[in-house]
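Number of protein chains: 2
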Amino acid sequence: MSSAGAPHRVVIIGGGFAGLNAAKRLRKSPVSVTLIDRRNFHLFQPLLYQVATGGLSPANIAAPLRWVLRKQENCEVALAEVVGFDLDSRRVITDQGDFPYDSLIVAAGSRHSYFGKDDWAELAPGLKTIEDATHMRGRIYSAFEQAEFHHDPDERRALLNFAIVGGGPTGVELAGALAEIARDVLKHDFRRIDPAEARIMLVEAGPRVLEAFPEDLSRSALASLESLGVTVRTGMRVTDITPHDVELTSSTGAQRWPTRTVLWAAGVLASPLSRALAASSCAKLDRAGRLNVEKDLSLPGRPEVFVIGDMASYTHQGDKPLPGVAQVAIQEGRFVAKLIDHRVRGKPLPEFHYHDRGSLATIGAKSAVAQLGKLHFSGLLAWLLWLFVHLMYIVNFRNRLLVFVQWAWNYFTYDRSARLITGDVPTDDDLAALQKLVIPSPPACPPKSAPTT
Amino acid sequence: MSSAGAPHRVVIIGGGFAGLNAAKRLRKSPVSVTLIDRRNFHLFQPLLYQVATGGLSPANIAAPLRWVLRKQENCEVALAEVVGFDLDSRRVITDQGDFPYDSLIVAAGSRHSYFGKDDWAELAPGLKTIEDATHMRGRIYSAFEQAEFHHDPDERRALLNFAIVGGGPTGVELAGALAEIARDVLKHDFRRIDPAEARIMLVEAGPRVLEAFPEDLSRSALASLESLGVTVRTGMRVTDITPHDVELTSSTGAQRWPTRTVLWAAGVLASPLSRALAASSCAKLDRAGRLNVEKDLSLPGRPEVFVIGDMASYTHQGDKPLPGVAQVAIQEGRFVAKLIDHRVRGKPLPEFHYHDRGSLATIGAKSAVAQLGKLHFSGLLAWLLWLFVHLMYIVNFRNRLLVFVQWAWNYFTYDRSARLITGDVPTDDDLAALQKLVIPSPPACPPKSAPTT
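Just so you know, the sequences run in chain order A and B.
Counting along the first sequence from 1, when you hit position 207 you're at 206 in numbering that gives the first Met the number 0, and nothing is skipped either side.
Counting along the second sequence from 1, when you hit position 433 you're at 432 in numbering that gives the first Met the number 0, and nothing is skipped either side.
Among these hints, one or two may not hold up.
What the hints assert, rightly or not - Calculated lysine-lysine pairs in the DSSO-like style (CA-CA distance at most 27 Å, straight line):
| hint | chain 1 | residue 1 | chain 2 | residue 2 |
| --- | --- | --- | --- | --- |
| 1 | A | Lys365 | A | Lys186 |
| 2 | A | Lys27 | B | Lys186 |
| 3 | A | Lys70 | B | Lys365 |
| 4 | B | Lys27 | B | Lys337 |
| 5 | B | Lys365 | B | Lys27 |
| 6 | A | Lys23 | B | Lys186 |
| 7 | B | Lys283 | A | Lys186 |
| 8 | B | Lys337 | B | Lys319 |
| 9 | A | Lys186 | B | Lys23 |
| 10 | B | Lys70 | A | Lys365 |
| 11 | B | Lys365 | B | Lys127 |
| 12 | B | Lys70 | A | Lys186 |
| 13 | B | Lys346 | B | Lys283 |
| 14 | B | Lys186 | A | Lys70 |
| 15 | A | Lys365 | A | Lys116 |
| 16 | A | Lys23 | A | Lys346 |
| 17 | A | Lys283 | A | Lys319 |
| 18 | A | Lys283 | A | Lys70 |
To be clear, the hints were calculated from the coordinates, so they are not data collected in a lab.
Model the full assembly from the supplied sequences, consistent with the hints where possible.
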């Protein structure tokens, strides 16, 4: 498949769980690997909500891709933005030039989606990138800051109302963390407001939270959320978001709730690269923008092109497509790497079988739910399991250590040291407001040339 | 001075070393304290260069002001932007309303300054805020990323040229850290360039680096920098900065040096609040925008208004004004708080005497210079001293622990986990570039209604 002498060229797009695991699995293969990402780090997305709530720093859940792959000599990393494909001549087109390939693995992930209501993006920030997380963190802590000094009691109450849209793991974990911030973390921090008066509402369109989990664990999660003071509204859709409130609609009617902070943990949409691939192949897109892939995760009609992770809709096992979670991405990445390795070596090709290792979600700092096959856990045991699994999957040892130290600290002190409000802040340069300077009576000063003392 | 019954109101502007130490020193005083800052955290600025070079995370050198002061019941924190003063009626005017005071402490610090060349701000980022540091970090690591994939050898060389303007502690520490990044940290990370070929030039207008230190320590610092491969150019002024090069001018002429990364560690300018205070009092501004203060650090003619830290020019000891460093700010903050405390209690007023506890600067991970009175150290002993002093002055214990763990890790592994390129990155939404999508031959696909499998 490659020209004589030159190694088989594998190009991987995306350094998330899928792409990074594919690259690592190819480390002993007689291939040359190029991993393209527009960011210079792998992000441990399952813990992004902890950055958004000030428990961890961005760098704690990120690992520089070059550093992770520095000892893998058959692999290079390219910081580039993919802008298209030429599947016929086997080239990936990027802002840093073209990358020719013999095998292509596309794992560009997904973004949150507002179901076509793009103007909600500004009002209800989502959580997929480091920038999303630091922005959300700023929004959350700013709301408390503004409430502290607001004179109007209605406005103050609205500033202390937080709506979280989407009852999946991200929404549940955000709601739990927010409840603890309000009740414990900020307990002694304010003088004019009581942060514990904050109301956190979790809105889920389906009949229960954590719909991907068994029903008994959904009930446990609900109980944990309610014991933290979170108001859970299931069977309700968000039908409008304004800077002042949200509209919630159920089968029985609509109501508005005043809030200044709406956090989006609902739909996702695959990378637009999936549209580009669909246009130049016979693959179909599902409603979430994912590509229907073949049994071996290749693009229909393009056996040398693989689509994995959040961009792929894989329906060959069971009736529902595999979910967009880390363990699916990891297994798909490793499988595709193995398949390419076998193909290059002329060995029999493997088949893909997804092994569901279970599901985990945490609710606050002391509770979680876990499903391991037929075993269901909730409470402390599930939480310890959650802790262990997440620590083990964090990519580098340094971060594992730092996260552990911070979690232990957060657990015992309710401190959230990483709660910085950063980003858009006024600087001296935009201090046009200084024009407002009030000088009622310009003082009578000695002549400017006189010595000061 | 205050109305009967109500406690004396102290308003402090700025939660840096000066303002925060003033607030803490007042914890047992019969006063009510309001600390106003536009940021919600205290920043340990001396370690900002470590954030800019990826060794530490922003939250490691920041402490939420509310958290630091949470147990000080006579103190409240206001997140607000000061826009002016009404000194006659004793009010601070902010975007969150007016704050009346009986005593006012202004400690709003300084920004870096481009000596009137404001268009350099875009080309040569400075280092005063968290955002500055993460921006600079992105610039540094992006230069290596771009060099890796650039075809033009001249451009590649320019991308690996780094100019640092200013040979004070920040410039020297940045140059040392950058040299280690190029030589050690990135050693195994690239495939097409050798990061060790990067050239780091430190430009200082004066005759020597670390001019505030004794001459023998300047020489030690110079030797350390040169042993790390840094080119030090003293007696040279930067007279032009373009996106492509810098112009260096000495007494013998001008020369241009191609570089894409210029880092600014030169002049500082006091907060524009100093201009506002000068306009409404008889205080004079010096060239760096600092206010000439009285012997007790009050504003001339306004004994109830104090100006401390980087905004103050205090010349009553020796002939040079006290430098804009942390120990000056801390001592001034504590003194002013004590003076207010004594005034309120009717005790004899203290006098301000600055005690120079010495100076420290580090050059890379294993060398430093230290002056303690008449004692001069350099090398390992100075470095250990630097380490100890900086760890001890970090405000909260959690950060002390995290910084220690990370320094130990960085020291032994040359890892810089926090080297994230964040901020302005392309998102799917701006992927207009996807229009470039190349589809040489639209494939012949089965009709769209056909089942996928």
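Now the hints, each set against the structure:
1. Lys365(A) / Lys186(A): 18 Å, holds
2. Lys27(A) / Lys186(B): Holds, because 22 Å separates the two Cα atoms, which is no more than 27 Å.
3. Lys70(A) / Lys365(B): Status holds; Cα separation ~26 Å.
4. Lys27(B) / Lys337(B): Judged against 27 Å, a Cα distance of about 11 Å means the pair holds.
5. Lys365(B) / Lys27(B): Measuring from Cα to Cα gives roughly 42 Å; hence the hint is violated.
6. Lys23(A) / Lys186(B): 20 Å, holds
7. Lys283(B) / Lys186(A): With Cα atoms ~44 Å apart, Lys283(B) and Lys186(A) exceed 27 Å; violated.
8. Lys337(B) / Lys319(B): 25 Å, holds
9. Lys186(A) / Lys23(B): 20 Å, holds
10. Lys70(B) / Lys365(A): 25 Å, holds
11. Lys365(B) / Lys127(B): The given pair, whose Cα atoms are some 25 Å apart, holds under the 27 Å limit.
12. Lys70(B) / Lys186(A): 11 Å, holds
13. Lys346(B) / Lys283(B): Cα-Cα ~30 Å, so violated.
14. Lys186(B) / Lys70(A): 11 Å, holds
15. Lys365(A) / Lys116(A): 36 Å, violated
16. Lys23(A) / Lys346(A): Holds, at about 20 Å.
17. Lys283(A) / Lys319(A): The hint holds at about 16 Å.
18. Lys283(A) / Lys70(A): Distance ~38 Å between Lys283(A) and Lys70(A) Cα, so the pair is violated.
Figure legend: structure checked against the earlier numbered hints; hints not met, in rising order: 5, 7, 13, 15 and 18.
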